[in-house]
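S.K.: One letter stands for each residue in the lines below.
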Amino acid sequence: MISLLSYLCNGISLGSVYAIIALGYTMVYGIAKMLNFAHGDVIMIGAYVTFCAIQYLGLPPMVSVLLAMVACTLLGVIIERLAYKPLRQASSLAVLITAIGMSYLLQNVALLLWGSNPKSFPSVVNLGSLSFFDGQLLISGETIVTVVMNIIIMVGLTLFTGKTKMGKAMRVVAEDKGAAELMGINVNLTISITFAIGSALAAVAGVLLCSAYPTLMPTTGSMPGIKAFTAAVFGGIGSIPGAMLGGILLGVIEILGKAYISTELGDAIVFAVLIVVLLVRPTGLLGKPVREKV
Amino acid sequence: MSENRKPLLQVEDINVYYGAIHAIKGISFEVYPDEIVTLIGANGAGKSTTLNTIAGLLRPRTGRVMLEGKDLAAIPASRIVSQGMALCPEGRRIFQQMTVRENLEMGGYTRPKSEIPASLEEMFTRFPRLKEREKQIAGTLSGGEQQMLAMARALMSKPKLLMLDEPSMGLAPILVEQIFDIIKELHAAGVTILLVEQNAQMALSIADRAYVLETGRIAMTGEASALLKNDDVRKAYLGS
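As you go down the protein sequences, you meet chains S and F in turn. The working numbering applies: residue 45 is where the first sequence begins, and numbers increase by one. The working numbering applies: residue 6 is where the second sequence begins, and numbers increase by one.
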C-alpha cells in the first residue's frame with residue numbers, strides 16, 4: 045500500500061515534467077499547426093545552460109534557472125524565425141522534416157559544446173524530503189517543487205489565455221489566422237510569443253527533469269520530448285488542460301507499469317495505452333472533435 | 006455622383022494572382038464617403054478576392070489600394086484595421102470557441118481599452134439579440150445571429166469603411182431581409198459600406214452605385230437603380 049503511494053508520487057512528479065514539456069508542444073501546435081520536434085532538445089539546452097551557470101559561473105541555482113529560461117526563450121524565438129517562419133506557406137511535411145532536422149542540429153551542437161560524456165546535474169532544489177508513516181513514505185523535495193511548479197504554470201497559463209489581451213489574441217490566432225489579422229492582431233508576433241513561452245517552460249522542465257534524474261547528455265531531451273508529445277496527443281493536442289492531464293497520466297502509467305509489470309516494458313506500456321486511447325477517442329482525452337471546414 | 010468629393014477608398018488598376026492564376030485583371034473603382042457601393046457578379050468573378058486584397062490579406066501584384074489618399078501597400082494586414090477599414094469576411098469567420106462578448110472585444114483589439122465598454126454598449130443597443138447571448142459560446146449561435154455578431158465585431162473597430170462579404174450567405178429569406186435592414190440602418194448612421202453580394206437583387210436595391218464583376222474584370226458600372234432596370238444585368242444576375 046505504502047509502496048503504491050510512493051510509486052504514485054513518483055509518477056505524478058515525472059508526469060508533471062511531461063506535462064510542462066507537453067504544454068510547449070500543444071501551444072505551438074494549437075497556434076502554428078506544426079509539431080515542433082526540436083522542443084525536446086530545447087529542454088536539454090536549458091539543462092546544460094543551468095548546469096554551466098552553476099558549475100562554471102558559480103551562480104546561485106535560481107539565477108541559473110532564470111538564465112536558462114532567457115536562453116531558451118531566445119533560442120525558441122530564433123528557431124521559429126530562421127527555420128519555421130519561412131515555411132509558413134509550405135506543406136506540413138516540409139515543416140515536420142525541418143523540425144526533425146532542427147532536433148538533430150541542437151543535439152549535435154550540444155555534442156560539440158559539451159561532449160558526449162554525461163554530466164552529473166546538481167539538483168537545484170534544496171528542500172528536504174517530507175516523510176510520512178514513520179518514514180515509510182518519503183516525498184522528495186524535487187517531487188514537491190515539480191508538482192508545485194506544474195500547478196503554478198497551469199494556473200498562470202489558464203489566466204493568461206483567458207484574461208489577458210495577448211492570451212486572447214493567441215486563442216484567436218489558433219482558431220483563425222486570417223480573421224485574427226482582420227481584427228488587427230499581429231499573427232507573426234503572436235506565434236513568436238507562443239514559441240517564447242513554450243521554450244521558457246522547456247527550460248523549467250529541463251531543470252526539473254535533471255534534478256530528479258541527474259544524468260545530462262546531448263540526447264537527454266529526446267525521450268522525454270517524445271513522451272511529452274505522446275502526452276499532448278493523449279490529452280488532446282491543442283488543449284492546455286489536455287496536456288496537463290495527458291502528462292500526469294502518462295507519468296503515472298509509466299512508473300506503475302515499470303513497478304508492477306515490467307521494467308523493460310515500461311515505455312512499451314505507455315505507448316500501448318496511447319494507441320488504445322487514440323483508437324477509442326481519436327482526438328485524445330480532452331480534444332475537441334475536428335469539424336471539417338466547408 | 007460625388008465627383009467633387011474625395012473618395013474614401015480608391016482602388017487603382019489592381020492585378021491579383023493566386024499562384025499562376027490571374028484572379029483580378031486590372032480593376033479600378035472608388036467608394037465615396039456615405040455611399041453604399043456594391044460589387045455583384047457570379048461565383049468566382051473575383052468579388053471576395055477584391056475585398057481580401059483591399060483588407061491586405063492578399064497583395065496586388067500591380068496597382069494600388071488607397072484609403073483617404075493613403076497608399077496601403079506598405080501597411081501589413083494587421084495594421085490596416087487601425088487605418089479605418091474593417092472587413093466582415095465571407096462565411097462570417099467568428100471565433101466559434103469564444104463567447105459573444107469576447108468576439109466583440111477582439112473586434113476592438115486595436116482600440117484603447119477605455120473605449121471598449123461604450124462601444125460594446127452601442128453594439129448591444131443596435132443588436133439586442135447579441136446582448137441576450139452575451140456570455141454564450143459564439144459557435145452555438147444561429148446563422149443569422151452569427152452574421153450579426155460578425156458585423157458587430159467589424160464595427161467594434163469604428164471603421165470609416167465597412168466591407169461586407171456575402172452577408173446573406175446561407176440565411177433564410179426573412180433573415181436576409183433583417184440583415185439588409187441593419188445595413189441600411191448602419192448606412193443611415195453614417196457608415197460607408199462596400200458590399201459584396203451574390204443576391205444582386207437585394208444588393209442593388211439598397212446600394213447607391215454598383216460594379217458588375219465578370220471573371221476578374223469590371224463588366225459594367227452605374228447607379229444601382231439603373232442597373233436594376235438594365236436588361237443584361239436582369240438576365241445575367243436577377244434571373245429574369
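Please keep in mind that the hints were generated in silico from the structure rather than gathered at the bench. Since the model is a prediction, treat every value here as computed from it, not as a measurement. Note that the Cβ used here is the ideal one computed from N, Cα and C, for glycine as well. Do not take every clue at face value.
[As the list claims (entries may be wrong)] Over 12 Å on every C-beta distance to chain F, these chain S residues come out as not near it, computed from the model:
no., residue
1, Gly172
2, Ile229
3, Thr234
[What the hints assert, rightly or not] Restricting the straight-line Cα-Cα distance to at most 30 Å, the calculated cross-link-like pairs of lysine-lysine (DSSO-like) are:
no., chain 1, residue 1, chain 2, residue 2
4, F, Lys189, F, Lys140
5, S, Lys77, F, Lys11
6, S, Lys221, S, Lys302
7, S, Lys207, F, Lys189
S.K.: Hint by hint, note whether the structure agrees.
M.R.: How the hints compare with the structure:
no.	hint	result
1	Gly172	holds (44 Å)
2	Ile229	violated (6 Å)
3	Thr234	violated (9 Å)
4	F:Lys189 <-> F:Lys140	holds (28 Å)
5	S:Lys77 <-> F:Lys11	violated (44 Å)
6	S:Lys221 <-> S:Lys302	violated (43 Å)
7	S:Lys207 <-> F:Lys189	violated (36 Å)
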